[in-house]
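Given chain V, put chain F in place with the hints provided.
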Amino acid sequence: MNASAASLGHDSHGHHGPVLQYQPGLPLSRGKLIMWLFLSTEIMFFAALLGSYVVLRFGAAVWPKPHHVHLSEPIGAINTFVLICSSVTVVLALEAARANKKSLAKTWMLLTLLLGSLFLGIKAYEYAAKFSHGIYPSAPRGMVYERPDLYYGSAVRARLGEPVIIERMKELFTKPEGELRPEEVTGRQRLKQVRDMVNDPNQQAFDLAVVADQIMPLPAESADGHGHGGGLNDTFSWLKLPVVIPGGNMWASTYFLLTGFHAVHVIVGLIVFAILLLYELGPKRAGMIENAGLYWHFVDLVWIFLFPLLYLF
Amino acid sequence: MSATPSGHNPANVHGPVTSPGALPEDVGSETADHHSDGGHGGLGQYLAVFVALCFLTTMSFFTYSPYWPWRDEPQVGWAFMMAVSCTKALLVVLFFMHVLWEANWKYVLTIPAAMMAIFLAIMLIPDIGLRNRMVSQERALHMARGSDLLLLEQAAAAGENADASHETGSHGH
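Chains V and F supply the protein sequences, listed in that same order. So the first sequence is residues 1 to 313, counted in the numbering used here. So the second sequence is residues 1001 to 1173, counted in the numbering used here.
Here chain V stands alone, though its shape is the one from the complex (with noise of 0.2 Å):
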């Protein structure tokens, strides 16, 4: 060590010896220049899901419309309006940050963290509707199935042969029609029909169409927002029965992967703000804001192409 310094150090005169100038090869700090590189790989990441998920939908043979899979576009639009909302408010945090003002900093940093929450909260609002319906990303609780086929058929059928189903539906068959609410009257005749239809050995194809439809059926394209026209499983919750979605599946494993990895980001961003709170938001944390705000921007940008990617496509 003494050696190297004094070889290197003969110019400084001194007992400290050499004083090395550090000279960056880019003209940015580190923290942003490592946190430019983890959001190039970002990119990758994000475009590696993004091109599989265009290139899966659109080798598809059948890939279900937005409204076949219970997606709302308006939604996803109020979520889109909320993240660019809090891209701007980081921006703010970042701007107050270095005009030294403290405690504004701090309010649109706490803003930020509440749209991000707010995100969060509809994002969980949407998953819950998809579960509702029985739409879930792999198979032992999911209940679609591709096409109303005799495996369609023996999946309902097996459900309904289940003893605590057998039980519900037998107390629902005894009730006096006065107990019931108008749809639940008419909805058990329907069941009545489904399970004397999937139960039918001379069954055809276009039979175990119509016990789809009777359960969930897919609604029309003018139907407006939530107007699932009445399927079994949604006047009865505790029915569950299988479902058909054609092309459900895939669409299920996609939409969650993507959906999912992005929530994670947007979690990992409310952390980051959270603790960013706890500090003084003064220009000297200026650095710290605006790598944390990349971060978050970025997090929005995908969400940019995933809005229209997944709910307008």
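Honestly, the hints are just simulated from the structure, not real lab data. Some clues are possibly wrong.
As the list claims (entries may be wrong) - Simulated crosslink set (EDC-like; lysine to aspartate or glutamate; CA at most 20 Å straight-line):
no., chain 1, residue 1, chain 2, residue 2
1, V, K240, V, E183
2, V, K65, V, E126
3, V, K130, V, E73
4, V, K65, F, D1127
5, V, K65, F, E1073
6, V, K101, V, D234
7, V, K192, F, E1160
8, F, K1106, V, E42
9, V, K65, F, D1072
10, V, K240, V, E126
11, V, K102, V, D234
12, V, K123, V, E73
13, V, K240, V, E167
14, V, K240, V, E184
15, V, K240, V, D149
Then chain F, alone, in the frame of chain V:
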């Protein structure tokens, strides 16, 4: 490799560049002409970008509305929405992520990443995008096809007709 004094940033002779300070802005001297009033951007500009983003979101949402004139040709809507999304992404990157005011290193990071992203998507086309050109018999038996959708629509139509003819009164909305 002892350092030579750099020509255009005399501010940080000592210490690492990460020491707190307004370094990134100071060093990007090529873009100094954009420094109009201290910080770039400013409230007015951010609000203008925000309004533009909201407007563009409304525009892509417009394709969903019944007033969109190309409802029968979804490709028009897709192209439109992608153009809108790219514009929005550009606005966010340029103004909110301050890329407009950064030095040329921005190209080093973003262009290779963007090219990788595009190649990646293209490379997926033969194996995944065209996966249904030739499928095994077993897979063909189980995969959904356009005919299934048609069958379901017919079933729905038949069900509605039956409802309408049998029980006109009791079908609540």
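For each hint, the structure was consulted:
1. K240/V - E183/V: holds (17 Å)
2. K65/V - E126/V: Roughly 16 Å separates the two Cα atoms, so the pair holds.
3. K130/V - E73/V: Holds. K130/V to E73/V sits at ~14 Å (cutoff 20 Å).
4. K65/V - D1127/F: This hinted pair is violated, its Cα atoms lying about 24 Å apart.
5. K65/V - E1073/F: Within the cut-off at roughly 14 Å; holds.
6. K101/V - D234/V: Not OK: K101/V and D234/V at ~53 Å, beyond 20 Å, violated.
7. K192/V - E1160/F: With Cα atoms ~18 Å apart, K192/V and E1160/F stay inside 20 Å; holds.
8. K1106/F - E42/V: With a Cα-Cα distance of about 15 Å, the restraint between K1106/F and E42/V holds, given a limit of 20 Å.
9. K65/V - D1072/F: Status holds; Cα separation ~14 Å.
10. K240/V - E126/V: holds (19 Å)
11. K102/V - D234/V: Violated - the C-alpha atoms of D234/V and K102/V are around 51 Å apart, more than 20 Å.
12. K123/V - E73/V: Holds - the C-alpha atoms of E73/V and K123/V are around 13 Å apart, at most 20 Å.
13. K240/V - E167/V: holds (14 Å)
14. K240/V - E184/V: holds (15 Å)
15. K240/V - D149/V: holds (18 Å)
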